[in-house]
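J.: Those sequence lines, one after another, are chains C and H.
46 is the number of the first residue of the first sequence in my numbering; add one for each residue after it.
1277 is the number of the first residue of the second sequence in my numbering; add one for each residue after it.
Hint data in this document are derived by calculation from the structure and do not stem from the laboratory.
Among the clues, some could well be false.
[Said to hold, decoys possible] Among the chain C residues that face chain H by a calculated CB cut under 7 Å, a handful are:
#	residue
1	P229
2	L230
3	A231
4	E232
5	A233
6	N236
7	L237
8	A239
9	W242
10	I249
11	P251
12	Y252
13	A256
[As the list claims (entries may be wrong)] Residues from chain C shown here face chain H by an in silico Cβ test under 7 Å; the list is partial:
#	residue
14	G197
15	G238
16	I248
17	W328
[Claimed, not checked] Computed list of chain C residues with no C-beta within reach of chain H, every gap over 12 Å:
#	residue
18	L114
19	I189
20	T240
21	W250
22	V254
23	R262
Bear in mind that the values here come from a model prediction, so they are computed numbers and not experimental data.
Cβ atoms here follow ideal geometry from the backbone N, Cα and C, with glycine treated the same way.
Chain residues, written in single-letter form:
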Amino acid sequence: MITLIAWAVTTAALITVTHTVWVEHLARPKISAFFWFAPSRQPRVTAVATFATAFAIWHLLSIMLANPLLLPTPAATIQALASFPRMELAHNALHSILRVAVAFSLASAVGLTMGLAAGLFPWIHRAILPLNSALRYIPPTAFIGLTIVWFGVDEGSKIALIIIGVLFYIIQMTVDVARTFPRPLAEAAPNLGATDWETFRYIIWPYCVPAVLSVLRVNLGAAWTFVVAAEVVSAQTGLGHMMAISQRFLLTPQLFALLVLTGIIGFLSDALFGIAIRRTSTWA
Amino acid sequence: MGVTSSLAASNLQKTYDGSTIIDSFTFSLPAHQITSLLAPSGAGKSTLLRLLACLDRPTAGQITLRDAPVTAPQPDIILVPQADTLFPHLTVRDQIAFGYRLRHNKNRVTQPTAYRERIMRELGIIQLHDRYPRQLSGGQRQRVSLARALAVQPAVLLCDEPFSALDEAARQELRMVVRQIGTEFRQTILFVTHSIQEGAFLADEMWVGVGPPLQITSRLRVPFGSNRTEELFYEPAFTQFCKKFRDRYQAEAGART
């Protein structure tokens, strides 16, 4: 029955995509076929349909492979998720969330301050950007062992790894945001009597907030990558720790269940950022 | 000639990359009237206005307002440039209140003051008070720019070709508005333009500039009184005056360029 539904959803998705491409991009004369900026007519329906299609394809692939060790079905994954003791799952998820929250807050505070300063003051830009660019290209996972040596096996090493993983990207991306601020606006504010601080507080910062939130939104996803990496290597708690155990005992459905749970947490935090961006950019 | 203004410059000099745009420039702006400045492209008009508004530092010389040196941007000398400088995240009401709030150290002003309300009404933007800049036309944006500048009650308003990007209908509307502001608020305005008709319609006095380095070579009093209507454009005397000015402009500016 599930397989039949999966086939139906996949076929419907294929027909819908073909029809949309034809109607939106081929049949209708327009300036450019790559007109991606037009608002979708039914964004929520499209999103739900995409999720349904992804699950349908996953189901069909798992049925074809017929090996739950390689790829469990979505149903088996949901069963595995339900099989975890709830308190244990919540306890571990909360640990991961707290690690990300603390590390990401610290990285954001430092990264935004340095990024805005470098974006607005050329001498700071010249001083820190070359070093930041070099550090950005060093793979953060190479620091896993070092962070344990430096900060011990407890929370310090995990928080340090997340900070190393996202800080240099937040700095660079915030610099790029600050440098898009139009110079004539920066001149208009002092001309109307604003001090440097007032120009920043009332003009530059509100102008940059939506783009800064987008920077944080992207980097929060990266923060989850690094918390799982740190927990897989050395932790007694956290979703990464549970994933490591699942891998060790080849409990693929459980591993998939944890991946899906991480995806759900990511989706929710991303949605919160989306709301914040919409609220701070009503003017755009 | 108008009353000697409180805005003056003495021996002003500005050099960019070895070329002198303004050199030994000394002037005093007539108070409570509109002065238009016409000069060829690249003569240094915009540079002069930026120096007067303290958005650029002069290489040498001094700018004074009411005999006090001016060394930093301040709301007493406001520049309305050609480029759009409305703050995109502020509504029309907040744009106009921005300078006022800073000046009066207030964070929230819920009702427009009578003065600001009058300015918004005079400029025909009171019904747009809750719109963001992206929701305004080019002409409406320039009206808001002017209103924002006037709201801080500047001693001098410097206009650097503010209507050049607008269509003719919008330009004509805004010429009327600026003329009205000059008359009703007795506002001192230095208006840079490329259009002789625009300069003659707006100004009480027209200046011919040549350069670089920028120099004022002629000053002509505009003899059409304070209250002017669009009909002035079609009067023979106005056409005659514009022709006379054009001849002088071509003789002086043309000889230098």
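J.: Hint by hint, note whether the structure agrees.
T.: Each hint, compared with the structure:
no. : hint : verdict
1   : P229 : holds, 5 Å
2   : L230 : holds, 6 Å
3   : A231 : violated, 9 Å
4   : E232 : holds, 5 Å
5   : A233 : holds, 4 Å
6   : N236 : holds, 5 Å
7   : L237 : holds, 4 Å
8   : A239 : holds, 6 Å
9   : W242 : violated, 11 Å
10  : I249 : violated, 10 Å
11  : P251 : holds, 5 Å
12  : Y252 : holds, 6 Å
13  : A256 : violated, 12 Å
14  : G197 : violated, 45 Å
15  : G238 : holds, 4 Å
16  : I248 : holds, 6 Å
17  : W328 : holds, 4 Å
18  : L114 : holds, 54 Å
19  : I189 : holds, 42 Å
20  : T240 : violated, 8 Å
21  : W250 : violated, 10 Å
22  : V254 : violated, 8 Å
23  : R262 : holds, 19 Å
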